[in-house]
Structures are given as structure tokens and as C-alpha cells.
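Heads up: the sequence lines are chains A and B, in that order.
The opening position of the first sequence corresponds to residue 1 in the numbering used here, with each subsequent residue numbered one higher.
The opening position of the second sequence corresponds to residue 1 in the numbering used here, with each subsequent residue numbered one higher.
Hints are computed from structural coordinates only; laboratory data are not their basis.
We treat Cβ as the ideally placed atom computed from N, Cα and C, and that holds for glycine.
Take the hints with a grain of salt, since some may be wrong.
Derived DSS-like pairs: lysine-lysine, alpha-carbon spacing no greater than 27 Å straight-line [stated by the list, open to error]:
{"id": "1", "chain 1": "A", "residue 1": "Lys222", "chain 2": "B", "residue 2": "Lys175"}
{"id": "2", "chain 1": "A", "residue 1": "Lys196", "chain 2": "B", "residue 2": "Lys405"}
{"id": "3", "chain 1": "A", "residue 1": "Lys269", "chain 2": "B", "residue 2": "Lys405"}
Coverage of chain A stretches by chain B, computed from C-beta distances (three or more under 8 Å per stretch; other residues unrestricted) [said to hold, decoys possible]:
{"id": "4", "segment": "207-218"}
{"id": "5", "segment": "529-540"}
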Amino acid sequence: MTRRLALALTVLAAGCVPEEDPPGGPPAPPLAEARQAVEPLDTPSEENAIRFLEQATFGPRLALGASPAPIDSVEHVVDVGISVALTEQFNAPRSLLDGTSTSTDLGSQFFVNAVTGQDQLRQRVTFALSQVLVASQTGIPEVMATPESEPKLAMAGYLNLLSARSFGTFRQLLDAVTKDPAMGTFLDMANNKAFKTNGQPIEPNENYAREMLQLFSLGLHKLNEDGTVVVDNVTGAPVPAYTEAQVQAFAHALSGWTYGGAACPTVGKSNPASYAQPMIGCDVNHDSTSKVLLRGFATTDGGTATKHLKEALDNVVDDPNVPPFISKQLIQHLVTSNPSTAYVQRVVNVFKNNGSGVRGDLRAVVRAILEDDEARGPQPPLAQYATFGHLRPPALFITTAVRWLNGQLDTTAGKDPGAKLNSWSRSLGQYVPRPPSVFSYYPPHAPAPGGNGLLGPEFAILDTATVTARANFVHELLYATSTATAGVLIDLSAVPTDPNDQVLWLGRYLLHDTMSSDLQLAVYNAVTDPRAGDLTRRKKLALFLTSLSPEFQIQR
Amino acid sequence: MTISRRKFLQGASSTLGALAAAATLPKWLGSAEAATLSGYAGYRATVCVFLLGGNDGNNVIVPLTAGPHAQYLAARPNLGLDQASLRPINPVGQAAGSYGLHPALEKLQALFEQERAAVLCNVGPLVLPMRKTDYTSETVARPDNLFSHSDQQDAWASAIANPSTISLPLSLVGKATGWGGRTADKIAGLNPGEYPEVTSFGGKALFAAGAVRQPMMVSSSGVLAFRQTNDTNFNTLQNDALAQVVGFDNDVILEAAYGGVFTTAQTFATSRTTARDAAWATLPQTTRDAIDALFVPPAGSASWSLHTQLYQALRDLIAGAMPTAGGGLGVRRQVFSVGLGGFDTHVGQGATQEDLLTQLDFSLNAFHQAMTLLKTEGAFGVSPPQATLFTMSDFGRTLLENSDKGSDHGWGNHAFVIGDRVQGRRLYGTFPNLDLSGGAVNNLDTVDSKGRWIPSLTVDQYAYSLASWLGLSTAAERDYVFPNIAGYVAEAIAKGFPAAARAYKVGFLLPDA
Chain A
1 MTRRLALALT VLAAGCVPEE DPPGGPPAPP LAEARQAVEP LDTPSEENAI
51 RFLEQATFGP RLALGASPAP IDSVEHVVDV GISVALTEQF NAPRSLLDGT
101 STSTDLGSQF FVNAVTGQDQ LRQRVTFALS QVLVASQTGI PEVMATPESE
151 PKLAMAGYLN LLSARSFGTF RQLLDAVTKD PAMGTFLDMA NNKAFKTNGQ
201 PIEPNENYAR EMLQLFSLGL HKLNEDGTVV VDNVTGAPVP AYTEAQVQAF
251 AHALSGWTYG GAACPTVGKS NPASYAQPMI GCDVNHDSTS KVLLRGFATT
301 DGGTATKHLK EALDNVVDDP NVPPFISKQL IQHLVTSNPS TAYVQRVVNV
351 FKNNGSGVRG DLRAVVRAIL EDDEARGPQP PLAQYATFGH LRPPALFITT
401 AVRWLNGQLD TTAGKDPGAK LNSWSRSLGQ YVPRPPSVFS YYPPHAPAPG
451 GNGLLGPEFA ILDTATVTAR ANFVHELLYA TSTATAGVLI DLSAVPTDPN
501 DQVLWLGRYL LHDTMSSDLQ LAVYNAVTDP RAGDLTRRKK LALFLTSLSP
551 EFQIQR
Chain B
1 MTISRRKFLQ GASSTLGALA AAATLPKWLG SAEAATLSGY AGYRATVCVF
51 LLGGNDGNNV IVPLTAGPHA QYLAARPNLG LDQASLRPIN PVGQAAGSYG
101 LHPALEKLQA LFEQERAAVL CNVGPLVLPM RKTDYTSETV ARPDNLFSHS
151 DQQDAWASAI ANPSTISLPL SLVGKATGWG GRTADKIAGL NPGEYPEVTS
201 FGGKALFAAG AVRQPMMVSS SGVLAFRQTN DTNFNTLQND ALAQVVGFDN
251 DVILEAAYGG VFTTAQTFAT SRTTARDAAW ATLPQTTRDA IDALFVPPAG
301 SASWSLHTQL YQALRDLIAG AMPTAGGGLG VRRQVFSVGL GGFDTHVGQG
351 ATQEDLLTQL DFSLNAFHQA MTLLKTEGAF GVSPPQATLF TMSDFGRTLL
401 ENSDKGSDHG WGNHAFVIGD RVQGRRLYGT FPNLDLSGGA VNNLDTVDSK
451 GRWIPSLTVD QYAYSLASWL GLSTAAERDY VFPNIAGYVA EAIAKGFPAA
501 ARAYKVGFLL PDA
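So here's chain B without its partners, still in its complex pose:
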């Protein structure tokens, strides 16, 4: 007699009464204790823009002063951008025009100069603060599997650079979580209802996964809906039966894992679609038209995908921020994730990166300008929605170009933050020394002769600054989301690292009033 027949018999007499019960409820209630809205009573979102493949930050921001620029060109005779082609910027506290942005970053240059954009210089995964001697002698733990795409993407997405050796709290053991998802675990209580805090249209799925809170993953088209027949009664029957069926896991772990994802989708797909449509319709036609116009890409953009993802994220943001009276979800905090691939420029980097940065420039600017339009929309009340865009990428790339007019996998990298609450026109962290002469043995910023930077800021500091802005408050919450950060800061203080390494946060967000 097989197990199935036996279970069938036993079950037949015991489960009949339960058949009428509602579908299995989501099992992942939030665990917010102390996260706070005190920073801002209105709506806030962070938007992660993941540049997949490892964006070459060395060509994103380049020193224009003669000495460093000559060192840069010496390492990159083919890849290097000449001084005249770079877009000059005037960072606060630096000599005027001391740096330039990649020629494709026209709109970001303007946002930077308007103090709405800033650059984090040489940020990357670290377990503990590290000097070159620490790296060479291997006396300080390195991040796991440096220079490997998947591992370094995971390190950025999780803010855990050492997954193979870290001792995690029990609540995180055996789970693959990202810092976006773990932030959601702690700020869930700031939102009414059970709607997922994180919505992802692309990027790294790991970023969005919490230990208890699970994300909404939506295709880049923005649509998440179950097909129906044109017979309403039949649809009800089928949907109800399906909700019941996906709850049967038979005590098989993988079956429960599948059923959990399915239940999340079925539970929230409809409320999301309804809120998106209603909240959008609440905005005046002129605003809607103006927003749509911002996202109409220029000629030559047939293969672009980032602007559509950011447009869909904006539509979800409007749905989230719109009060329920306006048909929205009326939530207070959301995290969005989008992604753009193709940055692994081992060969022929010049044109490839230029196309990608053009797309990035257009898309980030469109989103930011749309947020500016929303600031004056009455539908949101006296506290308009705020959003901060930020970039992440696998790693920076070697300053030394390779034999294919490309660059190879590096470590520390430069990142952009953009938004109305950004303390812009500034460089945070320390820009690396670009001198690779003599095999770079005397350059303390690179691990080897190729120009792979030891980060001056950690991903954890960068990420905690953003999570804190969303409402993460107590030290216990901080240490849950960023398990390495306390040890990092303590070590930086003990070993006399520069001030930036000794602080939990990077000050790129304007203080709340």
C-alpha cells in the first residue's frame, strides 16, 4: 500500500470540515519594534538601481587636475577619456572643476551642480576596515570571493561581505536575505496592512528578500495579474480552489516554499493593480501627461529597459503614497528595486558603457523630475512623497585597461545618490590614488598592479544611511539589518582609521527638521 492511498483514506475523514476554510494566510507577519516615522510623517521610498556586471566607475568620475588625469591616462591609453570630453563638476570643498563626469552623464551633471546628486567615492564590500598591508598579509578578513560577479553582487545586495564565516542571529540562519528585505522586516510596522514593503522590477532578487517579509516581484512591464475566463462565477470557483490547493504542502519543505510565493502573489496582485489604477486616476490629467512625457526616451533607445522599470516603480510609488481616500494603498515607507545589465565590459568598453550611461542618465533624471512634479500635488496632502535613488553594482573595474580595450573585475567603486533630500554637489568617501606607476607598489589604495581599489567606505555604511532615512532607528534594528557594521566601526576607531570609516552613516542625506 503506498503512502498516497493511506493518506487519502485518513485524510478523507479528517479534512472535510476544513475544506471550507479560507486560503492559507500569509505566514510572514512583520516584526517591527521601534522603527519610527519621526524623520518624516509623509511617504518615503528608496529606489535601488543595480548596474549588473560591474560598472566601470573609473570612467564615471575622473579627476580633471593635470597630475591625476595623466596618471589615469597612463593606465588607460585606449579607454581613458580626455579632459575636454569630460563634464566638469564643482564639488563642495574641492577646487573648482577638479573632477569631470563621463560625457554621457549630461543630466546627472546638472543634478549634481543643483545639489540634488552626490557621488560616493570608492565604496565597496568590507567586513572590517582594511589597509593595503592588511590585505597583503591577509591579517584582516577579506570579503568572500572578491572579483566574482555573483558573490560580489550578493555582497552588495545583502550587505554581508562574509557569508561563509559570519555568525548570524538565529532569525537569519539558513535564509538568503538582502538588506532591502531585512530593512522591510524592521519597518513593516510603519505601514498599515500587510502589503509587501519591497517591490522589485529588476536588479538583484536577493536585495528584496527579508527573513520574514517577502517582496512583490513584478516583471518590468509592471503588470502582475492572473488570467481569467469570461465566466465570473467560474473564475471565483477556480481562484478559490487554487488558493486552497497551493496551501497543501504535505510537510514537504520545497512544496511549502512554492506555496508561500504563490500565496503572496495571489493575495496582493489584485490590490496592487487596483491601487495603481485608482491612484493614477486621482492625479490631474496634466500631471499624468507631464510624467508620461518625462519617460519618452530619445531616438536610439529601442533596447532600453531602465526607464520603463523606473516608470513602473513610479506608478507603484504613487499607488503606495496616495492616501486610501484617493484610492491608494496609503503606506508610509516603500523600497523599490530596478536593474540594468551589460556593464561587464571586458572588451570594447567605450561604446558599450557610453550607451548604458546614456540610458542611466536619462532614466534617473526622468524619475527625479517626476518626483519634483509630485511635490506640488495636493492629493498627497501637506507632506508630499520623497524618494532617494541610489546605485549599486557588482564591483568597480581595474583602472589598468586589458588587451581588449576593456577592463577586468575590481573592488571598490563610485556610486550615485539622487533626490530632493540628498545633500548634493559633494563627494563622500575618498577618491583613490590613480598612480599605477612602478607596478603600483607604493599606491596604498590598490590591492595589486591593476588598480583594484580597497574601499574607503563600506556598503554597510552606505546602505545603513538609506535604511536609517526610511525609519530604522534602534541599535538592535541596525545590527539586525547590518550585522557587520558595529564591529567595523569599533575596529576603525581602535585602529585609527579616518573619520569617514569611524561613522555608522555617510552624511549624504539632509538632516530631518
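Chain A with its partners taken away, still in its complex shape:
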């Protein structure tokens, strides 16, 4: 069937009118009749397996005869099914970042792990979490007097923490994040004292309290369980999720923490920065009075810094806003910018209770996201044809292109291919792990231009400069010697040389069999143009056009 279509393309593209009926049997039924069968999770089609790998990894790859097939390869997922592939991913050995001064830059390590690591799903979820619970390497000061690089050491610790906790509970994650010294420095949770050195009370810094509520747990507005915003019946305005007074109450409840050390400092003082251990709660700098937090809960009067932190985080995580706020963002990062309310609700149900009474079990949440009917199947749900998908964020666009082309990273002889990948990502607007602020690289509520209210978070960093950089990345990857010189090695041998086969290969794999006829013909016509040149350059031209096409840029 596939081959017959290819031949038909040749005939048509040559400008001849076929004398027979178009091949392919009777005319296709109208769209409405094309019912989409839900595929069983254990027997996915190849298209479905590719879509799964786009959502769960840093890009699908082909086994290309390797035996056994890697667990993140298309062939393997077709073989074992979605549920088993997920279990394998949950159990894959964890990739770590090395924060010591002799290692390469963390961004470089991130890309090497993303392209070559086995724990693809863990890395993918960690990357998503790092864009929700945001710390940035640019926000950690370098202490010149010490031999180590504080920003690197701190961020390696923070990102390793996220990856260690990415399949645990959200409560554990938020606890670890709150006590983490990188976060402590980034958002001033560290050394947030309630007293001056003379013992007089002073207003604690609100920074961590505010961002923790606004960005890490609740969001600005009260949410329904399906992710929609609660609006006031009378004014029509969104209902705030918390008040200014509650921000200040949390700032007091979380006061008194400083960097780990042998002991707590005296009143009004701080321990020196230390990134090798969690922060410690010091009652001498903590406001022990009772504060009213969310939903009328009052902290224990006379409580310690540790007790109040526990009470505060329990209070936050129990809030009904947390499941939809976190679940929807994870769906947006992994699957689609505009999930249906029913999809959000289904995932929220799992967030609230994993089936064993546990709230915020991220492993169960991730499984629910990726096994959902809205994510699975050979193509997006037809009812959501116009609105499904998300713009590939820079890092994922880059790793996906490299992984489809059997990318190998050569780190011998001082080459630093990860740095090359991160330099591209930087030019596309995503300099890992250095989001410009606590609002990350792009916010979850950014609209898509011309989308009439449709969300397109990644579009917040798509502009004429970064879209040009997307094209220039692909151009350099394919055509320039600087790519291989940097140790990024791609292999075009899997791409067929025959123009028909080439177009069909690109459609079958890069677009999981959804390549539009417009794109097929445009690519075919380009590669068969005499100016296209030799066979290798034709392959590159076909890849260039396909990877920059809107239907590839929007992961669906």
C-alpha cells in the first residue's frame, strides 16, 4: 500500500493525469466517519509508539538493528507496549549531573544525558519540573574566594534532587525543594530571619513564600478540578487563590532557615553559604507565633522553624488547587498545550489519589498522563484536530532532530558536544539550566499568536530571532563541518536515497504517518529539482524542509 502511494506520487508529480481511478481503492470516507479506534496499551501501532516516545523522551530513535533494541527505541515500544515501556522507564538507571569543578558545564551534561541516557522519561519529567519549580544557575552568586563554582555545584544538586524526586510524591518534592540551598539562595529562603541582631523583630523576606504559592503549588487563581479558573459569580473576575496577608503569613512561618552547618547562628546572623547539604531551621531566627495560612489553618503557637515549615507545606499541598495546577502543567510539557478539561480531570483524579490513598504520587500522575486516550493512538483525537499539540521547545527540538538521525556524541579529544547542543538551545531561547527568572523560559499561560485564546506556552519565546535560530540550527547540523568538529555526529544512512522513499520515510517516522500531501509534494519537488545536487545533499534538503515545517514543529 505504501509503495503504491509512492509510485502514484511519482506519476502525479511528473504532471501526468492518471488514466485510471486514483490508487488506494474507493474514495476515502468523510472525516466525520473516520472513527478513531482506541488502541490497546499493550499493542500500540508504530505511529502510536512514536507519539509516545515524543511525549516521554527527548525524541524517538530507531534501533537500527541493535539487539536487544534499546528501551527508548520505536521498535522496542511497539514490541512491549506502552505500559511495559513506562515501567521500564521508571526503573531505568538514573542519569546524574556532576557539579564538581572538573566536569563540563551543567547544560552540556544535560544535553549529553538527554541524547544518550536510558532514563529518558525521568529526565523528561525532571526537565518539566525544573520549569515549574524553577531555580536558575544565573541566580546563584559565585564566591570568588572558594575553589568550587557555587552556581554549578548548587544547580547540580538541585537538578539531581528533582530527578531523584520526580517519581515520588509532590509533598516530598516540595519539602526537598523548600530546604534546598540552591533554591534557598535563588529565592531568598536561606537566611530569612525574623529578628535583627539586637533581637528586635523584622519583616521576613516574602520572596520564597510568594513564588512558592504563585508558581510552585497554587497559581494565582482558584481552579476547578478540570483546570478551569473559578470566577466570581457577580464580578466575573477570577477568584484569587491566596491573599497578600497569606503571603506574609507564609513568610513568617518559613522564617529562620539558613545554610547547613555545624550549628545555628546567633540571633540576626546567618551561616555561610553551603550547597552540599539541605538548609537547617534555626529557632533563634524564627517567628514562633501562630500565623493563619490557607483555608483558615493556624500554625502552632510557639512552634519551631521545622514544625512550622511542615505545617505550612502540609497546608499548601492539601489545597484543592494543587492537583489541577501541577497536573495541567505536566500535561502541557509532555503532551499538549490545550488539554481537554476531561483529560485534566482524569489526571487530577490520579493526583488526588493514586488508588492506594496517596496524594500527589508523581509516578502515577505521569503514567496517567501518558496512558490517557487523549495522548495515545496514531494521531491526535479528531475532535481536537485544530487545537492539539505544542510547539517543540528548543531543547526538545534539538535533541529530537539529533536522536532521529542516530546521533552520537563524541567526547574524546576535549570535544564538548553537549556544549554545542546547549549553544544552539540558547540561541533558540532556552539556555539550560539558566531560565532568565523564576518564571522559567516561558510561562504556562502564554497565548498562541492568532490563536483566539488558545494557549501556546512555548510561543512566548518564538519570535523572528529565535525562529531564525531554529532554521540556522538545522542548517548548521546538516551542512556545516562545525557540527562534527564539536563532536555531534549524525548519520544519514537510514534515510533512503530514492526521492519517493525519502518522502515516505520522513513521513513514516518524523511525522508518525501524518505528513500532509502539501508537504510531501513540496519536499518531493525540491529534492528532484536539478539544483538539489547529489544524493547526500538531497537527503539534507528533505530533512531541512521537513524538520522546519509547521507540522513537525508542532508536536502532535
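Go by the hints and put chain B onto chain A.
Frame of chain A; chain B shown alone:
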């Protein structure tokens, strides 16, 4: 049978004829009706300098008179600047030396005294004019999410303080637009051709986005160009095919959104680069050297970025203002956006802000001096290019310092405007009362005990003054770009607010002859 195969078959017979058609044309033609060049027949630009993170205006301009300065120091025992270190200024209508600028603002002090710079005091996002009782009793709508970085940056960039409740005209519904972009929607007709009115090298992207007009976004290096191979024929093939391919959106909304941005970049990247190079070459070598010298930063500036952005903006300005005969674009009105981050000084504010303000001082002055050089360049004819620099920031910061020798998120803030057409050496708006004693319960300018100022001027008044200078003229245009301003002014009149609140514009720009 999958949808792709079916579409492939159907498309194969129907789209062949269309393949030769040119690339999809930009879909965003301007909608100018009445915007006018009458203010100035030559070239004009506004340059938005966004200070990201919330610049602490309370340390930018400080009262030097004894009483207010003592109140200031009482709230800021660590952060406060002593009288001797501040750079005195002599605003028109105030006692001599009644205010001082931050010690880092040496060049701005000089520009202020030369009447080329002015300060807008306590300006910020508002929906309606507001007194302290209105805020406390919540009887007047507050801006959405005060004290939140992203929301307040958006409020400044959009000049819409209440996005969650405002009723927008249909043409703006479902779109994220800024006041720079909406101004472009209305003044597009003043420029020949389709070149984007707004060019951004940094700052807030939202500021630059219009409902119909889309901006040129350029990296701070100034370069926007597509890589090519060394085979010209192949490049033509590939560029043409790419232009065609990015137009295929398959009726998928996000695909169309991506394709639209790509088409803008591909359409205008080359004309921009060509005009920049040609217009620059049209200037005498001595002028070019003098401009370049202005932007050579002092020692210790390795991490600076604002001066390079402003240099690139200047190069684009020269390209825009240069007549086509001189190789330029020959446009009449442009808006530029640049940005500088790092102002979120919760901890250890002193040295951090000083470094940032030093960079700001150098960069703004370099741009202004370069504009002064261009005034006498014959290549622009009898009407030399004019530019007004203006600052925006997320919010001001608490006057009361926090426990980390820093300050927290506030509201109203002080802003600079600079340029040859600025009515300088003046303070506009009302400087806030700095007395926080007794929990500031009797201070009508702050919402709480920490010194977060209720703005005396709105962002809308500030922004409309600049947009009007560019050519925005009719009330309909004004109300499209600034949907809250008419209601604000009407309410200020009805409730007897001070004169500054009852006017659409702030008079910091010299009247046109």
C-alpha cells in the same frame, strides 16, 4: 486508512497547480485610519528601556530636604543613601537642590540639568484613580495581581492593568498585545511598505506585540540572518521551498502561529540587514567613528548588555530614518525595545543596583549623545531623526528595607524620559510621602506599613503621551491602544482627583511647533 494518506491522495490532484505560487504573504496588514504625521514630518522613534525585576526607584531619586530625607533613612537604615552621596538636581518649580539622584547617575544628572531628562514620579498600573481608602475598602478595582513580577511586567507592557476583567473590543479578544504593538497597529499607515514598526532587542516581548502588526525580534547581537550554503542556486531552491513549506498549516492553529512568525522573519530579515549596512555606510566615517566611540564602555563592564542593545537599536534607527535614496528604509515612525535584568534586589541591594544604574547611566547617555550627532547629518535632510528614551519596570519596591539589606515588591515607581524633545529638568506627577512612622497608618500614599506607593500617574497616561507623540491622534485610536484611559480620566474628574490625574497626557514632551 489514516487521514494523512487520504489527504495525500486528495491533495495530489488539487494542489499541484498551486505549487508555483509565491510564499504565503503576511496576513497582517496595518489598519491605520487617522494617525498623523502632523506633529513632525521627519522621523520619530520611541525607545522603551525595560528594567526587569523591579527597579528600586526609592533609591533612584531621593529628597534632599532634611525632613523627608530623615524619614527616608528611618525606613532604610542600611539601604538609605546619605545626603552627601546623592547627586543634587534642581527641578523647575521646586526649591534648589531639593532632590538628589543615585550616585551612579552622573550622566543623567547632567542631562536632567540640561533639560533633556525628566522624572515621572510615582507612576504605575491603575484601572481607575484610587485613594488609600479605596484600596483598603476594595471599593475601586485594583490592578490584577499587584506585587507579582510577571503580572506587573505585563501590566506595564500592555497598559492593561486588569486583563482578567476588562471587556476588550473584538479585535483584541484572545490576543496578548502590548501598547507598543497596538500603537503600531494604528500608526502603520504612516510608514511606506510593510516593514514592522516595532523592533525589539530585549525587554518584554508583550510590549511589542500588536493585534495585527507583528514585531521584528532581534537578538541583542543585532544580527538577524538565515545561514546559507556557498551554492547560490541551491540556496535559492532551499529558501523558496522553505518559504512555501512554512505556509502549510493544515488548519491546525498552532501550526499557523508558527508559520506566521517564520514568514515574518524570512520576509524582512534580508531587507533589514541590507538597509542597516547601506544606511550606515551613507554616514561620514567621522560620524560613524564618533558614534562607535560613544558606546565603548568603561572598564568593569564585561557583563553589560544594555549598551550593545541600544547601539543595535541606534543602527536600526539609522536604517529606518535614512531615506531610500541613502539605502535606508525611509520610514517615519518606529518603536524600539531593549531590556536590562537583575533589578529584583531582595538581598544585598546596594552594590547590585549601583552596578545596574551605572550601566543604565552610561547606555542612555550614549544613545542620547549619538542622536545629538545625527541632528546635524545632512543625509536625513531638513528634518533630522528624533528619539525619546523612556524607562519602565515591573514595579517600585518597598521603601521599608527587609532583613536582607534588600527591598521587596512594591507598586508605583519613578521613571526617566530622555531626549531632545523632552521638557526636562522637571518632575511630573507627585512624589510620595516617605513617612512610615507609626506603621504608616496616616500616610495616604502607601497601601501598607512597608511603603508601597499608590501611583499618582497611570502607566496609561505615561504611555499615551509617548504614543501620541508618535502620531496616534483620534479618540478612537487612543481608546483602542489604551482601553482604560477614558474611564480613568472620567472618574478622576468625577471624584475630584488632582489635575494630573484628570488629564490624558503628561506634559513631558515639548509641544510641536
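Tested hints:
1. Restraint check for A:Lys222 and B:Lys175: satisfied, since their Cα atoms lie roughly 23 Å apart, inside the 27 Å limit.
2. Simply put, A:Lys196 and B:Lys405 have alpha-carbon atoms about 11 Å apart, close enough for the 27 Å limit, and the pair holds.
3. Between A:Lys269 and B:Lys405 the CA atoms are separated by roughly 13 Å; this keeps the pair inside 27 Å, and the hint holds.
4. Note: the segment 207-218 of chain A has 3 residues with beta-carbon separation from chain B under 8 Å; the three-residue rule is met and the coverage holds.
5. Residues of the segment 529-540 of chain A lying with their CB closer than 8 Å to a CB of chain B number 5, which satisfies the three-residue condition for coverage.
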